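In order, the protein sequence lines correspond to chains A and B.
Here the first sequence is numbered in this note's numbering, starting from 9 and rising by one per residue.
Here the second sequence is numbered in this note's numbering, starting from 4 and rising by one per residue.
It is worth saying that the hints were derived from the structure and are not from the lab.
Please note that a few of the clues may not be correct.
Just the calculated beta-carbon pair ranges, DEER-fashion [to be verified]: (1) 31(B) <-> 22(A): 36 to 46 Å; (2) 38(A) <-> 53(B): 17 to 27 Å; (3) 15(A) <-> 42(B): 20 to 30 Å.
Remember, predicted model here, so these are calculated numbers, not experimental data.
C-beta atoms are modelled at their ideal positions from N, C-alpha and C, and glycine is treated no differently.
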Amino acid sequence: DTGVSQNPRHKITKRGQNVTFRCDPISEHNRLYWYRQTLGQGPEFLTYFQNEAQLEKSRLLSDRFSAERPKGSFSTLEIQRTEQGDSAMYLCASSLTGVLNEKLFFGSGTQLSVL
Amino acid sequence: AQRVTQPEKLLSVFKGAPVELKCNYSYSGSPELFWYVQYSRQRLQLLLRHISRESIKGFTADLNKGETSFHLKKPFAQEEDSAMYYCALSGQGAGSYQLTFGKGTKLSVIP
Numbered sequence: 009d010t011g012v013s014q015n016p017r018h019k020i021t022k023r024g025q026n027v028t029f030r031c032d033p034i035s036e037h038n039r040l041y042w043y044r045q046t047l048g049q050g051p052e053f054l055t056y057f058q059n060e061a062q063l064e065k066s067r068l069l070s071d072r073f074s075a076e077r078p079k080g081s082f083s084t085l086e087i088q089r090t091e092q093g094d095s096a097m098y099l100c101a102s103s104l105t106g107v108l109n110e111k112l113f114f115g116s117g118t119q120l121s122v123l
Numbered sequence: 004a005q006r007v008t009q010p011e012k013l014l015s016v017f018k019g020a021p022v023e024l025k026c027n028y029s030y031s032g033s034p035e036l037f038w039y040v041q042y043s044r045q046r047l048q049l050l051l052r053h054i055s056r057e058s059i060k061g062f063t064a065d066l067n068k069g070e071t072s073f074h075l076k077k078p079f080a081q082e083e084d085s086a087m088y089y090c091a092l093s094g095q096g097a098g099s100y101q102l103t104f105g106k107g108t109k110l111s112v113i114p
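The whole structure should be built from the sequences, with the hints applied where relevant.
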């Protein structure tokens, strides 16, 4: 499968614990996005990278959230001191720059449950 | 602030009947609009974008700036159209690459 890959698919954690998710974009894509989706809602933008540079961050991204994309390849999203409100599906997407109205390719997501 | 409204959570139609999924938006600039679709147990994927003026799987969508709408239409629904549909808006013209999604409409096509 040459699509966007996300790991793990599911994560169950206790409140207060730290979690980290990984996203591997399509290899030639230089843009990478993180979204969060809760039940009954559409995806909400969290942050965006172009290569290794984090260019946009949503106000939804509190200080407990941090994202990295070292070397402009895979990306990680870490949530520190998780809260029950962090329970959601975390989606990663990638796209190729230079294409007008570029098409986002989404991964299958990581479902986080905070107990 | 940009906002996308999809007024229907669920839309049920009979096979062969016309389909219209409504989408209204709020954006101060020139919007870029998209429809994304998620079939059962599949990933979210792009269906169509207004700038391309394309028809995908028989679906079309016209941007109406006067009514700030981007409704998705298909003249004859098929069972395989049953899915979750999301309307999305991009502020690319203002240098932002974030997509703002609506809450989605679940389309159910009854055989």
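Structure-based check of each hint:
A C-beta distance of roughly 43 Å is found between residue 31(B) and residue 22(A), which places it inside the suggested range of 36 to 46 Å. Distance hint for residue 38(A) and residue 53(B): a CB-CB separation of about 24 Å, consistent with the stated range 17 to 27 Å. Between residue 15(A) and residue 42(B) the Cβ separation comes to about 22 Å, which falls inside the hinted range of 20 to 30 Å.
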